[in-house]
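Peer 1: Chains as they are written, first to last, in the working numbering: chain W, 1 to 413; chain U, 1 to 419.
Check before you lean on any hint, since a few could be wrong.
To be verified - Derived DSSO-like pairs: lysine-lysine, alpha-carbon spacing no greater than 30 Å straight-line:
1) K266(W) to K370(W)
2) K133(U) to K16(W)
3) K370(W) to K315(W)
4) K3(W) to K133(U)
5) K313(W) to K268(W)
6) K133(U) to K11(U)
7) K142(U) to K16(W)
8) K133(U) to K382(U)
9) K60(W) to K259(W)
10) K382(U) to K16(W)
11) K289(W) to K198(W)
12) K133(U) to K9(W)
13) K269(W) to K60(W)
14) K3(W) to K137(U)
15) K137(U) to K9(W)
16) K313(W) to K188(W)
17) K269(W) to K259(W)
18) K300(U) to K316(U)
19) K104(U) to K21(U)
20) K232(W) to K193(W)
21) K382(U) to K9(W)
22) K313(W) to K198(W)
23) K9(W) to K142(U)
24) K142(U) to K3(W)
25) K137(U) to K16(W)
26) K232(W) to K242(W)
27) K234(W) to K198(W)
28) K11(U) to K22(U)
29) K188(W) to K259(W)
Hint data in this document are derived by calculation from the structure and do not stem from the laboratory.
Letter by letter, the chains look like this.
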Amino acid sequence: MNKETESHKQSMIWWKWALSRLLVLCGFFFILNLVYTETLYPHDIQKYSRVRNRIDSAFKEGDIIYLGESSNSSFNPWTDTLNQKISDYLDLYLPDRQVESITHEGYHPGLFKEMLNLLPDECENKVVVLGVNMRTCGPSAIYSSNEASNQREALFYSRRPALLTRTFMGLHYYDNRDAKERERLKFKHWRTKPIALKRVFHDDLDYYPHQTTLEWIDSLARIYGLPEELEKIKGMAGAYVKELAFVLDDENIRIQDLKEIVEICKQKKARLVYHLLPPNQYHANLLFKHLEKGSGANLSSFLEYNHQFLIEKFKEWNVNYIDNFNLEEANELNAQNRGSYFTDQWYPTEHYNGVIKRKIAFNIAAFISKKYAFELSNDTTVDTQLKQNNFPNWDIIMPLSYGGLTSEEWLSR
Amino acid sequence: MTSVMDWFCAKMLYQSKQRTKKLIWMWTAIITDLMVLFMFKYFDFALGKSPLASSLYHQDAFAWMIELGKYVVPAGISFYTFQSISYVVDVYRGDEKPEPNVVKFMLFVSFFPQLVAGPIERFGRLHSQLFAKYSPKLGDIKNGGRLLLYGLFLKVAVADNLAGVVDVYYENPSIYKGGSSWLASLMFTFQVYYDFFGYSLLAQGAALLFGIHLMDNFNKPFIAQSVPEFWHRWHISLSTWFRDYIYIPFGGNQGGNLRLSLGVLLVFFTSGLWHGANSTMIYFGISQGVLYLFDRFVFKKVGADFTWGRVLRRIKTGVFFMLTLVFFRSQSLPQSFEVYGNLLDFSTYSDQQFLSIDPQVWVFLFVGFVLDHFIILNRADKWLGSLNILPRWVAYLFFITAVLLFGGAVNHPFVYFQF
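Could you build all of it, start to finish, from the sequences and the hints given here?
Peer 2: Below is the structure:
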């Protein structure tokens, strides 16, 4: 009996000891959270999360919220003297609506998904326009070395207590895999994911020379003895293969993110519109005409397959979409203007000049205005507004684009 | 694989009667361990950029091995290989009896708190604790928690914040001059120390929760008056390993000054190579060896008899270590020499660009240094346990606040994880 009482007493002492300390810690965390939220948290947001402060105001004030990556915010230094973004043009085309944009280089649907969790619960009248960049669905973008810092930034897209967010950041509780680990995963993807698939190539696969992306990269690297200009093209072709030679499927993390975004917007009753950005098909096709002539290797099959895949998914998810993939300005007109409508001449990006940006914005505006009965300005009105600020000369051929020759002329010298 | 091999070889050598056979079994184990270590860590480095290397790289088997070394090095391979080798040698020497159960032996090799970055424990010390009857003790749990908290403070609040400063410098050393270079070197010295010391405390704390006492790996290295003393206080488990398994078998102090010097250089060369498969680490090791000999034969006890002399000796030892760490941190030898050039560049006293350090980094560094070198005389858990409840809880809450609110934003894995 005595032993039992003694043991009970001991256990009570232990519980008291543990509970008292737990209470002190809980109280301390509560106070620390209050102090942190009021003092250091705003500085941390500014320092570590580039767009967090934009999110709440954009979601609150915007009728149309444009979510985009560098296609929205990069400018051609020679011709885009006005520095107008796609979202700026959209604002001009939809004068009775407030367009707010949240944009940053390297952003992707995974981050937009986190941001959209911050949308107010009921937002029936808000339109969310999200630029879908096919390239961000590929292994090069998914396993980009910048991803750890993106994921750290995404910690702040949350309504959890500020103290917890800061603690997660300090203890690196997010997908913090380093550049080396991501590079390994990228190579694994390139090495193991088959790309010579019947569903991509409708013709006889026996003639297709590369089974995986890595084989393709390797075969390009082994083309020796090229003249100087083609050697340069070889490097560029390698970059295009790395960025665009992949096959989308339901396992793709970005496809899953896009699907989740549809669900989030449905839940929050927001009107979601995806718009598909055009890649640089002109260069993608041109490069391989000269390097792997007749080998059957071509990037356009991948681009087209992934394009159709995305469209099918959008239909399956019953989401509004605008297909700018084959936009005339990004293809035929770009070719006529010596590839000058894309800012980056030596690397695959979706950095457009004003012609393409404006056309994309017009297509989005036309779609939205028709769908939701918004007022749409015509081109002349927009021109007048732009001219007030020194209308840019989009006809300048960029100095980078092969010294004034067309790409075809330059390659066939 | 190496654990099973070592276990088997130790068993066989114990059963062998002839010395030659014992030696064969011991060397079989050691060579196997070193070959596996070589394949993962040194194969790529050994090939270098020779024509042979590029031809091998195009052969699938070798390309595969190189990729293996680049991406899938087993965690803590350098640490557990040494731990395993010490077991075989101890059995050979008759200091230990072999463990009959291979699974128990593998647990000794892979005990998780110290698997990835030490301390490198000896079989006799760890094995007896691992398989002793476990009865949880509140004292051990409290002390383990204290070590975990203090270790976390040193790693997250001190080392990770210093890493941010050092990274900025090493991204582009060419834009900095003398002042920033000295500052970055000093910060890196403390970064490595608090990163590794913090890890060692975390390992000790985690083990203590299971009632297992791991050895202390650091003992106030910056109060050392000479390089030899420094290495008695820094990464003690590795230093004593080198002493017992390389330096003493090579002749130790018994074979005259030349043999001693060669032994020291061999130890530090091996230590450099152990730290990493690149030339900068070898330079780091050798430069430490040279300074060790310099202190032992030239500097000797100069100034050790008066207070200021001792202070200067401590500063000298710290500066020696700091300077050799430039090799440790640099990406390549040319970058090391660039940093050394910067350190000597006093052409202008004001830098073109000066490293900026947030005030809280200074505060945590100061607190960490003062606590570690002047207040905590024995070990953090014992010091915290000896305080009255109020100051103890003030200390706890200070460490907690530092960890929760001021952890370095960029992820820096433990420096010694790469080894």
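Peer 1: None of the hints should be skipped; say for each whether it holds.
Peer 2: Evaluated hints:
no., hint, verdict
1, K266(W) to K370(W), "20 Å, holds"
2, K133(U) to K16(W), "29 Å, holds"
3, K370(W) to K315(W), "19 Å, holds"
4, K3(W) to K133(U), "24 Å, holds"
5, K313(W) to K268(W), "21 Å, holds"
6, K133(U) to K11(U), "25 Å, holds"
7, K142(U) to K16(W), "16 Å, holds"
8, K133(U) to K382(U), "24 Å, holds"
9, K60(W) to K259(W), "24 Å, holds"
10, K382(U) to K16(W), "23 Å, holds"
11, K289(W) to K198(W), "22 Å, holds"
12, K133(U) to K9(W), "26 Å, holds"
13, K269(W) to K60(W), "15 Å, holds"
14, K3(W) to K137(U), "20 Å, holds"
15, K137(U) to K9(W), "18 Å, holds"
16, K313(W) to K188(W), "26 Å, holds"
17, K269(W) to K259(W), "15 Å, holds"
18, K300(U) to K316(U), "13 Å, holds"
19, K104(U) to K21(U), "25 Å, holds"
20, K232(W) to K193(W), "27 Å, holds"
21, K382(U) to K9(W), "28 Å, holds"
22, K313(W) to K198(W), "19 Å, holds"
23, K9(W) to K142(U), "21 Å, holds"
24, K142(U) to K3(W), "26 Å, holds"
25, K137(U) to K16(W), "18 Å, holds"
26, K232(W) to K242(W), "16 Å, holds"
27, K234(W) to K198(W), "27 Å, holds"
28, K11(U) to K22(U), "10 Å, holds"
29, K188(W) to K259(W), "25 Å, holds"
Of the numbered hints listed earlier, not one is contradicted by the structure.
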